[in-house]
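Based on these hints, arrange chain B on the given structure of chain A.
Keeping their order, the protein sequence lines are chains A and B. According to the numbering used here, the residues represented by the first sequence are 1 to 362, in order. According to the numbering used here, the residues represented by the second sequence are 1 to 364, in order.
Source of the hints: derived by calculation from the structure; they are not laboratory data. For every residue, glycine included, the Cβ atom is placed at its ideal position computed from N, Cα and C. One thing to keep in mind: the hints can contain errors.
[Said to hold, decoys possible] To spell it out: a stretch of chain A is covered by chain B in this simulated footprint if at least three of its residues, at any positions, have a beta carbon under 8 Å from a beta carbon of chain B; those stretches are:
#1 32–39
#2 192–205
#3 305–311
#4 319–330
Letter by letter, the chains look like this.
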Amino acid sequence: MSLTLEGVTKVVNGRVHIHPTDLTLEGGTMNVLLGPTLAGKTSLMRLMAGLDVPQTGRILWQGQDVTGLRVQDRKVAMVYQQFINYPSMSVYDNIASPLRLMGKTALDIDAAVRKTADLMQLTPMLDRRPLELSGGQQQRCALARALVKEAGLVLLDEPLANLDYKLREELRAEIPKIFEAAGSIFVYATTEPEEALLLGGNTATLWEGRITQFGPTPQVYRQPKDATTARVFSNPPMNFLTLTKSGARILYGKGQSAPAIGSLMSLGDGTYVAGFRPNHLDLEQRAGQMLVFDTRLNVTEITGSETFVHLDHYGERWVGLVHGVRDLKLAAPLRVYLDPAHVYVFGQDGVLVAPAAYAMAA
Amino acid sequence: MAKITLDNLAHSYLARPVTPEDWALKEMNHVWDDGEAYALLGASGCGKSTLLNIISGLLRPSQGRILFNDVDVTDQATAGRNIAQVFQFPVVYDTMTVRDNLAFPLRNRGASAAYVAQRVEAIARMIGMESELGHKARGLTADAKQKISLGRGMVREDVNALLFDEPLTVIDPHMKWELRTQLKALHHQFGHTMIYVTHDQTEALTFADKVVVMHDGRVVQMGTPQELFERPEHTFVGYFIGSPGMNLLDAEVTGAQAVVQGTEIALAGDYGRPAGRVQIGVRPEFVRLVAGDEGLLVKVVRIEDVGRHKIVRCDFRGVEINAIVDEGAEISPDMTRVSFDPAAVNVYADDWRVTPRSLIGVAA
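If we strip away everything but chain B, and leave its shape as in the complex, we get:
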């Protein structure tokens, strides 16, 4: 197991990068703790796979170093890094049985037959393939093959890190639950350093201790799921995490008050007078639809029934404001305004969150 250090790391696919856009990965410095589970989350092209490939040694960075337990491995090939990898699509030996596929990494390193048998049994139980151990991999469905890939990735206990690149893309929703929970349980049990690349927020948030949100080759925030949800440091995090994402409204902010198109909105802290493009951000979970004359006057455009809750899509002078309400909640025609829980309102200047000078009457 290893601590992973990214030291001055940057990468460009061009020989002579000039502009910032030429860098697929902008300069970053991070230390990822031994035994933690990290998720790299972002849209296609944000640099997450580039970063993963640098960590695994498939790609040599144009700049900076990568260290495992303070040892420089920048020039070490993948094989020398002692890591296990699982990719988006299954990589299995078709002519081998499920058992031999799972045993392969262990036998390759000369593990004893008894140990191999015991580990293979344990992993097969985890991925729910105990009864298929004797079957040839050929002819199995794509998700069965992917389960074998996952199992093989986890069969060795002595790896520095486990790297997953969108491993559940081809798996059915129900099985995704099963496997993700198993991965999580495994992490608790063995404490491997795990890095999991995904564009799916649910996968990232539920799997990781720390989620690393990437945008345009940069890490815009690294934090616990709760931090990303409650205090997005960048408007991109607000948008990308949450379904729907955070509502953003242009505002004038003075001290503990925001004014949005003439309507005053209370804030829970003193924000001074932030400069630049100032916006307030409120997640749909903290927007309440109310009757009366407090709050912003909106028009309810559509109500979507998502099963466990409803998404109420409102229009506020051309800007969409979404609210999430309970499954059983009644929405009456006189509910024409939205109000926000002040503690859940964040302030942004030029897309970055402004830290309040002091908080007023709320627990931080």
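Just chain A, with the same shape it has in the complex:
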């Protein structure tokens, strides 16, 4: 099973929604489209589904050209952010409806509905109507209807966005198990990096209508090829600072100058952009050779187990995430530390020049 996009584009009223895109997805995989609102996630899914026809390029299903083939004639199932069910039908009939349209026998339908309901933990609710269910159960019902068809391609467009935090957490943990059992190609759109990480599989990061990187999720997270990918795949946002290498010394932002250490030693002279994740910032000097920054603490946010520190480093705004609850003085200087192994270096065009050493070792 495979889905291939070849040079696919989408232009609406002269505005480019999808720049030329090449992508191949294999059967039995979970593929996350990660990006902010308007990055092109839904546009890309609509092209994959056949709801929209691309301006240029081809869409291949199992090697066959299906460009322009209507959604009805493709083996596609979609689940949206809104819980879409037939309100007048029971949960059983909701799940059975796509199979009835396909003209399956009553016996086959019953077996498939019960199997899927069991997988989605809906068995006790089969006789109820969707509106009598909680939001989480309504979305389980919509997911069951998508799964029961055994469509080769299942598209999930932010399916958990309208659920409460805790329900989201529970369903999110189940989705990988469900797709492992199904064998279809799953495509899952989300704005949340943590959701992409928890779903595993592959991730394509999207930014302004372009896929910036596609690969196994942990690899895209730890080995981004450019600053845009790193930015999209970081929540809280990745911190950036300019870095000017001159001989054996490096000038950080408008701030301090220090000897180059770690992977920074091998950089040629010039100006770069360094990026590091908030959780890699430290308030204590742990390793031997750490970068030291004098910042000013603007705001702290305590989550109970961790503390977010919002810092000002000579006009650059950084976020740090440190373990434990810290009682720190606001609007006061704060010295922070950074292990150079956690620093990504990008060229001024945003392309990765030096990867973070820790990510290569992992």
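Here is chain B on its own, set in the frame of chain A:
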């Protein structure tokens, strides 16, 4: 700015409530301090929006009173309460410019043009829309419109309280950071009494001085983020706060020792002999995966890479125990047991936390 008192407050959407389930909000007595930031946190249907609507005057409680600075406002309409509200979905005037939208609450109350201009500038800077002030609101994205709603909610300095009902739901994750931090900075600067309703624990914990956790129409705990994390008063708080939530294990507790299916676990205090269904609760952050023969024997079921840390999901005789370990931590096959930091183990009887009689050898 106001102190808010909930006096004997309760609400039912039914005309003649009979059973406890008929009450969307069970009787509560609370005093919320002037100038503090509160978050109402709970799942859908827990009563948090009902409570917010009573405070804002959109709903008259079936029982009890609500006071602003000790003045009874129970029968006062929303307009008379001098509050600002921001809702889940944007409320903007499409035909007006961003500037006029932001200025609206001030002009409505006859503020001077100079003051309006100065406030609008300050708010626009805060929500990052300085360059769009002259644009019409029509045609802006949903999150841009929501930023305008937030800005308009905060433009007046003389309100009794600022009420937010899930204001960041439609905002992108990156922008959420930005706006939440700005709200927090604003709170420090002006000291408004703020009430923020959300189902998102990160939003609640990072925003509020005090988090009010609601469950089934009741306030189950009101406390600082640290208190909710370290000493959940109810198992619901343990479950709802934290990702994953607190691990719970049935146990027999005697004095400073718990026994879980034959394995002894040390406690940091003397708990006597609590009655009812007794459980111990340990947050995943305080569970360590160890080799050797101390602790509970478990089977590692799955390891989830969440980026900044890993969640190790273990099975202990049919009960899930989760551990959180560092991003770089190695998990070797001989790590078959979990052990707990005694100071981080809480004891529960029928879902409520038991206070130890005395603590043993640990700082409280």
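Hint check:
1. 32–39: Holds: 3 residues of the region 32–39 of chain A have a Cβ under 8 Å from chain B.
2. 192–205: Per the Cβ count (6), the hint holds.
3. 305–311: With 3 residues closer than 8 Å to chain B, the region 305–311 of chain A meets the three-residue bar; holds.
4. 319–330: It holds, with 4 qualifying residues against the three required.
Consistency note: the structure conflicts with none of the earlier hints.
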